[in-house]
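Student: Residue numbers (numbering that gives the first Met the number 0), protein chains in the order written: chain A, 0 to 121; chain B, 0 to 619.
What the hints contain is simulated information worked out from the structure, not anything from laboratory work.
Ideal Cβ positions, reconstructed from N, Cα and C, are used throughout, including at glycine.
A portion of the hints provided could be inaccurate.
As the list claims (entries may be wrong) - Distance condition first, Cα-Cα at most 30 Å in a straight line; then the derived BS3-like pairs of lysine-lysine:
id, chain 1, residue 1, chain 2, residue 2
1, A, Lys57, A, Lys75
2, A, Lys68, B, Lys540
3, A, Lys114, A, Lys22
4, B, Lys206, B, Lys338
5, B, Lys206, B, Lys519
6, B, Lys405, B, Lys338
7, A, Lys69, B, Lys610
8, B, Lys405, A, Lys114
9, B, Lys322, B, Lys427
10, A, Lys114, B, Lys540
11, B, Lys511, B, Lys355
12, B, Lys253, B, Lys431
13, B, Lys322, A, Lys75
14, A, Lys3, A, Lys114
15, B, Lys519, B, Lys431
What the hints assert, rightly or not - Some residues of chain A that are not near chain B, with every Cβ distance over 10 Å (derived):
id, residue
16, Lys2
17, Tyr26
18, Arg45
19, Arg72
20, Lys104
21, Gln117
Stated by the list, open to error - Examples of chain B residues lying across from chain A (beta carbon under 10 Å, computed):
id, residue
22, Ser13
23, Thr272
24, Pro273
25, Glu279
26, Gly280
27, Asp286
28, Cys289
29, Thr292
30, Met295
31, Ala311
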Amino acid sequence: MAKKILVVDDEPAIVQMVINRLKASGYDCLSAYDGQEGLEIAQASRPDLIILDLMLPKMNGYLVCSLLKKDVRFTKIPIILFTAKAQDEDRKMGEEAGGDAYIVKPFNASVLLEKIQQLLPA
Amino acid sequence: MPQTLKILLIEDFSGYVQLLTDTLSAYQNPPFELESAPSLKAGLKKIAAAKFDVILLDLNLPDSRGIDTFVSLHGECPQIPIVVLTGVDDQNMALQAVRKGAQDYLVKGDVDGKLLASVMRYAIERKRGELELRQANARSELLLSSITSILIGLDQNGTVTHWNLVAERTLETPAAGVLNRPLADCAISWDRQALLSALEECRQNKKPVRLDNLAYQRRDGDTRYLGFSIIPIPALEENTVQYLLFGADVTARKQIDQLKNDFVSTVSHELRTPLTIVQEGVSQVLDGICGPTTDMQRDTLNLCLEAIERLARIIDELLDISKIESGRIAIRREAVDLKELAQRAVAAFEIPSRQKNLPLRLVAPHGPVEVFADPDRITQVFTNLIGNAFKFTERGEIEISVSAPKAKMIECSVSDTGRGIAREDLVKAFDKFQQFGREIGPGEKGTGLGLAISKGLVEAHGGSVRIESGLGQGTRVFFTLPVKSAEELFAEQLSRQLAEAERNPVPISLLKVVPDNAAKAREAAGPEWAALTEGLHAIVKSNLRRQADFSVLEASSGTVWIVLPATQKEELAAVAARIRQIFAERFHLPLLISSAAYPDDGDNEASLLKKLEEIWPRKS
Numbered sequence: 000m001a002k003k004i005l006v007v008d009d010e011p012a013i014v015q016m017v018i019n020r021l022k023a024s025g026y027d028c029l030s031a032y033d034g035q036e037g038l039e040i041a042q043a044s045r046p047d048l049i050i051l052d053l054m055l056p057k058m059n060g061y062l063v064c065s066l067l068k069k070d071v072r073f074t075k076i077p078i079i080l081f082t083a084k085a086q087d088e089d090r091k092m093g094e095e096a097g098g099d100a101y102i103v104k105p106f107n108a109s110v111l112l113e114k115i116q117q118l119l120p121a
Numbered sequence: 000m001p002q003t004l005k006i007l008l009i010e011d012f013s014g015y016v017q018l019l020t021d022t023l024s025a026y027q028n029p030p031f032e033l034e035s036a037p038s039l040k041a042g043l044k045k046i047a048a049a050k051f052d053v054i055l056l057d058l059n060l061p062d063s064r065g066i067d068t069f070v071s072l073h074g075e076c077p078q079i080p081i082v083v084l085t086g087v088d089d090q091n092m093a094l095q096a097v098r099k100g101a102q103d104y105l106v107k108g109d110v111d112g113k114l115l116a117s118v119m120r121y122a123i124e125r126k127r128g129e130l131e132l133r134q135a136n137a138r139s140e141l142l143l144s145s146i147t148s149i150l151i152g153l154d155q156n157g158t159v160t161h162w163n164l165v166a167e168r169t170l171e172t173p174a175a176g177v178l179n180r181p182l183a184d185c186a187i188s189w190d191r192q193a194l195l196s197a198l199e200e201c202r203q204n205k206k207p208v209r210l211d212n213l214a215y216q217r218r219d220g221d222t223r224y225l226g227f228s229i230i231p232i233p234a235l236e237e238n239t240v241q242y243l244l245f246g247a248d249v250t251a252r253k254q255i256d257q258l259k260n261d262f263v264s265t266v267s268h269e270l271r272t273p274l275t276i277v278q279e280g281v282s283q284v285l286d287g288i289c290g291p292t293t294d295m296q297r298d299t300l301n302l303c304l305e306a307i308e309r310l311a312r313i314i315d316e317l318l319d320i321s322k323i324e325s326g327r328i329a330i331r332r333e334a335v336d337l338k339e340l341a342q343r344a345v346a347a348f349e350i351p352s353r354q355k356n357l358p359l360r361l362v363a364p365h366g367p368v369e370v371f372a373d374p375d376r377i378t379q380v381f382t383n384l385i386g387n388a389f390k391f392t393e394r395g396e397i398e399i400s401v402s403a404p405k406a407k408m409i410e411c412s413v414s415d416t417g418r419g420i421a422r423e424d425l426v427k428a429f430d431k432f433q434q435f436g437r438e439i440g441p442g443e444k445g446t447g448l449g450l451a452i453s454k455g456l457v458e459a460h461g462g463s464v465r466i467e468s469g470l471g472q473g474t475r476v477f478f479t480l481p482v483k484s485a486e487e488l489f490a491e492q493l494s495r496q497l498a499e500a501e502r503n504p505v506p507i508s509l510l511k512v513v514p515d516n517a518a519k520a521r522e523a524a525g526p527e528w529a530a531l532t533e534g535l536h537a538i539v540k541s542n543l544r545r546q547a548d549f550s551v552l553e554a555s556s557g558t559v560w561i562v563l564p565a566t567q568k569e570e571l572a573a574v575a576a577r578i579r580q581i582f583a584e585r586f587h588l589p590l591l592i593s594s595a596a597y598p599d600d601g602d603n604e605a606s607l608l609k610k611l612e613e614i615w616p617r618k619s
């Protein structure tokens, strides 16, 4: 069965691009456009992996990430933090929130796919 | 005809008045006119009524006696020269009067006309000279006080000799509080360290030094920025130098700079999202995700992709330069092998090297060349320099060199056999937006920021850059990086944080961690020692949470030095206990940990370092 990936970003075009890419590589995709929606969908449909933007309306990505990581039911879901922020401070905050990987926009599709493969359980 | 001298004689003994009148009458060149007054009061009345060229004053009068007589009179008419008349026994008092401003004195019994006439003439001349000097002084004081810059004068020992009104106002400190005191001791909340090191630089090089953006905290808590020029001036005495500090409040300029940097930073940042969409969209069409494409479509899209990549690089460079200029560039230092970084940078240029038939050569000593630096940033410097070399070289070769440490510095260089830069352009080579090879053709243009960024990155590491070139002679760009011991790096970090704490009071905690009985442990570990010390450092790093936390490993002794800004003494014990526990679990060895905290254990580097040498009682 195809792995299920949730993409959370407030920029619809980015979500579209990432989903196109993931579908082409054979993944199933879910989408959300703010932090709260992302958290709810993650809790309801338990994706195999989450790609999470950090600057999100309603609830920022750091919070979504740490809430999921603190919950035993979801703590094993790998989370790739996805952001245009390239500041060292943000990376550190992302690590503290429990993110498994960090990808900076503009992203390289092959790097993203490689990260996903590394993080998804076989 | 010479002007008549008007003399006022204040003397209560009329016989003496007569004597002097007679004596002087023999000397009529210049002619004089003598008036007399029998008391101080009468004398003052005459002075108020007429103008006198000189006053002869007896100190003991019916209404005033002794030195006070002179003081009162001089106070009333400071511009008229006074010659004091005194008895043989009273010479000391007369000298006192001279010290207080009398032009001369005469012992009453000795007076002859010739002497009296010449004494009076001298007194008048001297007084005139004195007044002129005072006026000249007043003029230069006026000039100095009308300067709208801060003006501070220092003698060769750094003691304050001048402190103008603007200095008083800007630094909220009256001259009286600082004059004749070492500048270093003045209680002014500015970045003392930066100021003193600039002065030291001026003292050593004997050349003017510019000091930009010296932080000064005002009484109301507001931070202002001052710009200073420090100018060495040869003093009157031989082999001594004085210093003039000209300064101004440059806060407004800095704020504009800040605004510009923030603007560049925000705009570049906002550009990334649409850029990501365009780049990924084009890539997906090219990758066939959106259906089959023709060759011509793919050619066109490939050109777009190249342009997008160039745009992404420009945005990165703009962000970098804005971070460098605002001093917010983050340098994440770690122990790195410079040779390895150079090798990696060279490897990245393998394809252009083959395409342009330009061999790349790396010249480096045997074995690793270790420095404490940010590997990503130093790689960026190498890549920038090699990239430039490729851009401006058509034939020949490109050589990258890494030297062995010399005088605690490592020098690297990238040289090419290209077109070179005209000598008159060399001074601008490291400025922003400078391009000297525009005519080279399409597709070769950059932002002109590469060298400026490289310079900023090298300087952020405490190094420096220079360039050698000439038209048609190729170009060689050098950069140096300081080599420091772990302990030096630690002390440097500590002093930086202490300076920071002086401006913005926060506690600072220090830890020194070393395997117990290190010599023995090292022997027992044998070749595993490196893995053990690196393991210890990794444990430390995983326990440091903040960006500003600093740790450095001295590999040979296995010592890890840690600086934790904004960390209370109480929190230290928890950090230390965690490190101790994890290390014991992994390596089955006890650790020696000592600590010191600012301000609890000391308020300066020396006392904190001393405290750090005291070892905590070990846990059993």
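Student: Against this structure, judge whether each hint is valid.
Tutor: Cross-check of the supplied hints:
no.: 1; hint: A:Lys57 to A:Lys75; result: 24 Å, holds
no.: 2; hint: A:Lys68 to B:Lys540; result: 22 Å, holds
no.: 3; hint: A:Lys114 to A:Lys22; result: 16 Å, holds
no.: 4; hint: B:Lys206 to B:Lys338; result: 36 Å, violated
no.: 5; hint: B:Lys206 to B:Lys519; result: 53 Å, violated
no.: 6; hint: B:Lys405 to B:Lys338; result: 15 Å, holds
no.: 7; hint: A:Lys69 to B:Lys610; result: 40 Å, violated
no.: 8; hint: B:Lys405 to A:Lys114; result: 43 Å, violated
no.: 9; hint: B:Lys322 to B:Lys427; result: 21 Å, holds
no.: 10; hint: A:Lys114 to B:Lys540; result: 24 Å, holds
no.: 11; hint: B:Lys511 to B:Lys355; result: 52 Å, violated
no.: 12; hint: B:Lys253 to B:Lys431; result: 18 Å, holds
no.: 13; hint: B:Lys322 to A:Lys75; result: 37 Å, violated
no.: 14; hint: A:Lys3 to A:Lys114; result: 15 Å, holds
no.: 15; hint: B:Lys519 to B:Lys431; result: 55 Å, violated
no.: 16; hint: Lys2; result: 18 Å, holds
no.: 17; hint: Tyr26; result: 13 Å, holds
no.: 18; hint: Arg45; result: 27 Å, holds
no.: 19; hint: Arg72; result: 26 Å, holds
no.: 20; hint: Lys104; result: 4 Å, violated
no.: 21; hint: Gln117; result: 20 Å, holds
no.: 22; hint: Ser13; result: 95 Å, violated
no.: 23; hint: Thr272; result: 6 Å, holds
no.: 24; hint: Pro273; result: 8 Å, holds
no.: 25; hint: Glu279; result: 4 Å, holds
no.: 26; hint: Gly280; result: 6 Å, holds
no.: 27; hint: Asp286; result: 7 Å, holds
no.: 28; hint: Cys289; result: 7 Å, holds
no.: 29; hint: Thr292; result: 14 Å, violated
no.: 30; hint: Met295; result: 23 Å, violated
no.: 31; hint: Ala311; result: 6 Å, holds
In terms of the numbered hints stated before, the structure departs from hints 4, 5, 7, 8, 11, 13, 15, 20, 22, 29 and 30, listed from lowest to highest.
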